[in-house]
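Visitor: Letter by letter, the chains look like this.
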Amino acid sequence: MDCKNTELYIDAILDNELSVKDNLEVLSHIRSCSDCKEKWDLNEETRAELKIFVGSIKASKNLQKEIVKKNNYKNKRFYFRPAFISACMILMLSIGFFFNYTYLQFPQLHELHNVVDYQLISNDIELLSKHIGINLNKEHLSAFEEGMFSPHGAVNINRPFNKDIKMITLKNDKGHKISLCFLPKGYKISNLNKTQVNGVTVHHGSKDDFHFAYWESKVMDIALVSQDLNPIEMIDLAEPLINEV
Amino acid sequence: MFSWLKRKSFEKLIQVHLDSLMQLAYMKCENRELAEDLVQETCVKAYNSFLKKHEEIKSPKAWLFKILINTHIDFTRKKHLSIVELDTVDLEDQRDNSNVGDTAFFYKDLNEALKELRPEQRILIYLADVDEHSYKEISELLNIPIGTVMSRLYNARQNLRKLLAKKGYTKESLEVSR
Ligand SMILES: [Zn+2]
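Residue numbers (the numbering used here), protein chains in the order written: chain A, 3 to 247; chain B, 566 to 743.
None of these hints come from the bench; they were simulated from the model. Don't take every hint at face value.
Stated by the list, open to error - In silico lysine-lysine, DSS-like type, Cα no more than 30 Å apart, as pairs: (1) K577(B) <-> K60(A); (2) K571(B) <-> K67(A); (3) K140(A) <-> K53(A).
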């Protein structure tokens, strides 16, 4: 490796675009050549400064409000349509009628599992966890990672059902999908089997086309839902989570 | 079904990526006010497309970036924005208590150097150096071959380094400014 080639490779290393072997070759040249070391340091420093400087440009608080307002305005025009008004009246009457014996129905886990695709906000598990308020890290999902599953969507629901459901959906390259649901304590699905995992009782079984598993953790109940994986496969994937979260 | 859920999740999606959108828009538009307009217009377009979407969005950030880049093309046509200058960024925010003067001056010069680059070069530098996209991702986002990404990025960085060197910034002074 000579100085000319090294210069070309410095950016590629900092960009994470070189193979480990090339990386080692270039780095060993840089260690032994003060000219190239200086170029390396300069590139690294410039990049770091750029990150701080550009990263400090933030959207103003007003901007997000404006965006929500703009999109709501679009929806509002909808309210003037006569058909919509009639629909609202019928809906209000029906709610009034049914309210006494069927409180607004809570969405079923398998329903959420099927719509959570649209809720993707990021592929980054830590970012997802932060946004739905669950303390999850990469280790908790290590078995998922080994199975080539990656975060695919997340959702946090508390209204209008007055309960809290947080859900993260993961998918692998075969298109197999599994949702991890964090639920208020007291969650139950009847007629399931029981297995002990890490000293915790895990309930598991299948209903219709869906497979379920759930257990109680310290502050909430955690459930798994999938159509593609059977309960035992799901429990294997979730094992590092059981008794940890 | 669950359209309220879709709207909420769009708001969440925007909340998560808004700063990145703003940074990309700033690199595109060269001034803060225009950047905010561009982000707003991008979000309106993104929302309409999001409502119609039934398939998954593989990489939401890249999806939003792509909409922003396309929106900017219409935006420039509409508003003839080609000769607007980069803002003076509020240096208060970046000031580090220990080295107030140096840091502020350095970022002012860095901003000026960025201003002297062509917008396409700024975008490449933003995507690769600040937002850390891979060459492949940049190539998909900007619709150019990977080889072109690499050569343009190389030129953009060389230009930026030359501009900074002209202003007297070497490795040592960069270290001092931090
Ligand atoms: Zn050398």
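Visitor: Compare the structure with each hint and give your call.
Guide: Against the structure, the hints come out as follows:
no.: 1; hint: K577(B) <-> K60(A); in the structure: holds (17 Å)
no.: 2; hint: K571(B) <-> K67(A); in the structure: holds (18 Å)
no.: 3; hint: K140(A) <-> K53(A); in the structure: holds (25 Å)
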